[in-house]
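Peer 1: Listed here are the chains, written in short residue letters.
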Amino acid sequence: MTIQDSPAAATTHVMQVRGMSMSYGTGAAFNPILQDLDLDVVAGEFVSIVGPSGVGKTTLLRCLSGLLTPQAGTITVSGDEVHGPHPDLAVVFQDYSRSLMPWMTTRENVAFPLQGKGLGKAERNALADENLAAVGLAGQGDKYPWEMSGGMQQRVAIARALAYQAKVLLMDEPFASVDAQTRFDLEDLVLKLQHELGVTILLVTHDIDEALYLADKVVVIAEKPATVVDVIETGFGEDRDQLATKADPRFAEARARIMHRLKKD
Amino acid sequence: MTSATAPASPGDVGTQANGTTSGTGSQPSRASRRGASGGRASGGRASGGRQAAPRRKKPPTAAGQLLQSTWLIVVVLVLWWVLSARSTNFFIPSLQQILEALGTDLTNGVIAGGALYSLSNLFVGLAIAVVLGVGLGLVLGEVGWLRRVVDPVIHFFRCIPQAALVPLIIGTFGIGQGPKMGTIAFACFWPILLNTIDGVLGVEPTVRHFSKVYRVPKPLYFRRVVLPAALPQIVAGVRVALPIGITVMVVSEMFASTEGLGFYILNSSATFQVPQTWAGALLVGVVGYLLSVLFVFAERRLLRWYYASGAK
Chain A
1 MTIQDSPAAA
11 TTHVMQVRGM
21 SMSYGTGAAF
31 NPILQDLDLD
41 VVAGEFVSIV
51 GPSGVGKTTL
61 LRCLSGLLTP
71 QAGTITVSGD
81 EVHGPHPDLA
91 VVFQDYSRSL
101 MPWMTTRENV
111 AFPLQGKGLG
121 KAERNALADE
131 NLAAVGLAGQ
141 GDKYPWEMSG
151 GMQQRVAIAR
161 ALAYQAKVLL
171 MDEPFASVDA
181 QTRFDLEDLV
191 LKLQHELGVT
201 ILLVTHDIDE
211 ALYLADKVVV
221 IAEKPATVVD
231 VIETGFGEDR
241 DQLATKADPR
251 FAEARARIMH
261 RLKKD
Chain B
1 MTSATAPASP
11 GDVGTQANGT
21 TSGTGSQPSR
31 ASRRGASGGR
41 ASGGRASGGR
51 QAAPRRKKPP
61 TAAGQLLQST
71 WLIVVVLVLW
81 WVLSARSTNF
91 FIPSLQQILE
101 ALGTDLTNGV
111 IAGGALYSLS
121 NLFVGLAIAV
131 VLGVGLGLVL
141 GEVGWLRRVV
151 DPVIHFFRCI
161 PQAALVPLII
171 GTFGIGQGPK
181 MGTIAFACFW
191 PILLNTIDGV
201 LGVEPTVRHF
211 SKVYRVPKPL
221 YFRRVVLPAA
231 LPQIVAGVRV
241 ALPIGITVMV
251 VSEMFASTEG
261 LGFYILNSSA
271 TFQVPQTWAG
281 ALLVGVVGYL
291 LSVLFVFAER
301 RLLRWYYASG
311 AK
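Chains as they are written, first to last, in this note's numbering: chain A, 1 to 265; chain B, 1 to 312.
Only chain A is shown next, with the shape it has when bound in the complex (with noise of 0.2 Å):
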C-alpha cells in the first residue's frame, strides 16, 4: 500500500496481492481455503511460496493466474487489477506431460501461445528456437515431447514460458516429478534463466530445501484457512551452489524457522 516506495525500478511490484480470500462451496459444505493473504513481488525478485501439501497452494496459483477469481481482495499485476489470465503472466505446470501437446513437436509447443499473441510463423519459430536454446534444447524443435525425458519435457515447457514474454513466470511444483538430479540440474538452469534475462519468478512448492536454494524471498503459508505466516529474506545472492548454499548456517536458520512455522498448527 506503499505506493510512494521509491520510483527506482528495482522496487516497482510487479505483483500485488491484498486481502485475498477463497473459498469453495456454500452452507454446510462451506470451505475457506485462503485467508486475507497479502503478497508483494518486486520485479526481477525470486520468491517462493512454501506451504504443505493440502494447505492451498494449488488454489492460490489458479487465483493469481487469472483462472479462479478470489472472493475477496485485489490482485494487481504490473499495475492492472487482474479479472482473468493477464498477458504479463505466464505459468509452467507441475506436471509437463500433461501441458505439453504430443501432437505438437516442441518447436511448435514453445511458438504455439505466440499464434495467439498474433505473431508471423517465422517470428514464432525464431522465438521457439531461441528459448528452447536458453533451456539447453538447441537443436530439438522437430522432437515431440514423448520422445523425450521428463527433464526435457519441463525444459520445454520453460522454455514456452519464457517465450511468451510474460514479465512473471508462475512455476507451480515445476520440479515435483523428476528426480533428484535433474531436479537439481532444472533449479540452476532456473536461477541462471533468471539472473540472464531479468524475469520475476513466483515459485510455489512444498519443498523447504528448494523454496530457500531458489528464492529471495520465501513466503510460507500455513494454518487453515491458509495465510501468509511468515517472510523470509535469504539474502544468498546471486552465486548459488547447490552443496555450499544448502550448507550456509543461515541456510540452516532459515530452514528451522520454517519448520518451527509449519509445526506449530
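None of these hints come from the bench; they were simulated from the model. Fair warning: there could be bad hints in the mix.
To be verified - What the simulated footprint calls covered on chain A by chain B, stretch by stretch (three residues with Cβ under 8 Å from a Cβ of chain B suffice, anywhere in the stretch; the number is not a length):
1. 64 to 72
2. 85 to 93
3. 239 to 246
What the hints assert, rightly or not - EDC-like, lysine to aspartate or glutamate: derived pairs with alpha carbons at most 20 Å apart:
4. Lys212(B) with Asp230(A)
5. Lys212(B) with Glu130(A)
6. Lys218(B) with Glu108(A)
7. Lys212(B) with Glu81(A)
8. Lys167(A) with Glu130(A)
9. Lys212(B) with Glu253(A)
10. Lys263(A) with Asp230(A)
As the list claims (entries may be wrong) - Anything over 12 Å on all C-beta distances counts as not near chain A; from chain B, calculated:
11. Lys212
12. Leu231
13. Ala298
Positions of the beta carbon are idealized from the N, C-alpha and C atoms, including for glycine.
Please build the complex by placing chain B on the supplied structure of chain A, with the hints as guidance.
Peer 2: For chain B alone, coordinates are given in the frame of chain A:
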C-alpha cells in the same frame, strides 16, 4: 485389425466424469489418460516412464503378417466352396455359382454402376455426418450447460432404429439421391457426435488451463488443442459409423429405388435370381471390408503422434 479405441460408448454424454483429477501418481503415462472410455482404468500406467519409441518385439515379416491376417478367411472360403458345391437347396447356391454371377454382372456393368451410385451416397452421407457430428460435438463437449440440455434429445434420436426411418424419409423427401444421403448422414451422425463429445470431455484439464492462462483465442484453441486432443475418439466414432452407413446405404436402396447395390440385391431376390442376391450381399461385405482397411491406413497417418507416443 486395430482394436477400437473407444467403441461408441452408450449413454456417456454428460455423465462422463473426466477422471483426471486424481493427481495420485507423479507421472501417470499418457496411455491411461488418452485411452478415454476404452481403457481408462486399466493398463498403460504400470510402466510409469514413457517410451521414446513404440515398443516392438521382433517385428513380424510382411509375409508373416499377411498370412496371419488372411489364413482364416481363406479357410472359410474353401469350406464354403466345398460344402456348398453339392447344394441342392434353391436358396443356397454353390459359391461357384455366386462368384460366376458376380463376375458376369461386374463385367457387364450391371453392378458397377450400382456400386458407384451406392458409394457416392455413402461418402456424401458420411461426410455430412462427420462435419456436423464433429462440429456439434466440439461445441457440446465444451459447453456444459448446452450439453445437459441437449443430452436427452441425443439419446432419444440415437435409439431410433435408423433403418425403420428409411421408408418415412423417402416417403417424405422423395426417391432421389438426396434423401438417401440424408438418411445415411442421419444414421452416421450419432456415433460421431457422441464420440466427439467424449473426446472433448477427455481433454486434459492441464491443457485447458494452459490455453486459458496463455490466452489462446477460442478458434485457435478449438483447431489446435481440442480437435487434435479429441481426434482419436473422433476417428473411433467414424469407424463405428462406417458399417452403420453401409447398412443404411443398402436399406435406403430397397425402397422405391431403381439403382444401387441395395436395389440390385432386392431386385435379384424378387426375381428369384438367388446367386445374384448372394453376390450382391457378398460384394457389399467386400466393399465394407476394403473401406475399413483404407480407413485404418488413413487413421495411422492421421494419428501418427497418438500411436507413436505410446498412448495406444
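Peer 1: Evaluate each hint against the coordinates.
Peer 2: Now the hints, each set against the structure:
no.: 1; hint: 64 to 72; verdict: holds (count 3)
no.: 2; hint: 85 to 93; verdict: holds (count 6)
no.: 3; hint: 239 to 246; verdict: violated (count 0)
no.: 4; hint: Lys212(B) with Asp230(A); verdict: violated, 31 Å
no.: 5; hint: Lys212(B) with Glu130(A); verdict: violated, 24 Å
no.: 6; hint: Lys218(B) with Glu108(A); verdict: holds, 18 Å
no.: 7; hint: Lys212(B) with Glu81(A); verdict: holds, 18 Å
no.: 8; hint: Lys167(A) with Glu130(A); verdict: holds, 18 Å
no.: 9; hint: Lys212(B) with Glu253(A); verdict: violated, 40 Å
no.: 10; hint: Lys263(A) with Asp230(A); verdict: holds, 13 Å
no.: 11; hint: Lys212; verdict: violated, 6 Å
no.: 12; hint: Leu231; verdict: violated, 8 Å
no.: 13; hint: Ala298; verdict: holds, 16 Å
Violated hints for the displayed structure, listed by number in ascending order: 3, 4, 5, 9, 11 and 12.
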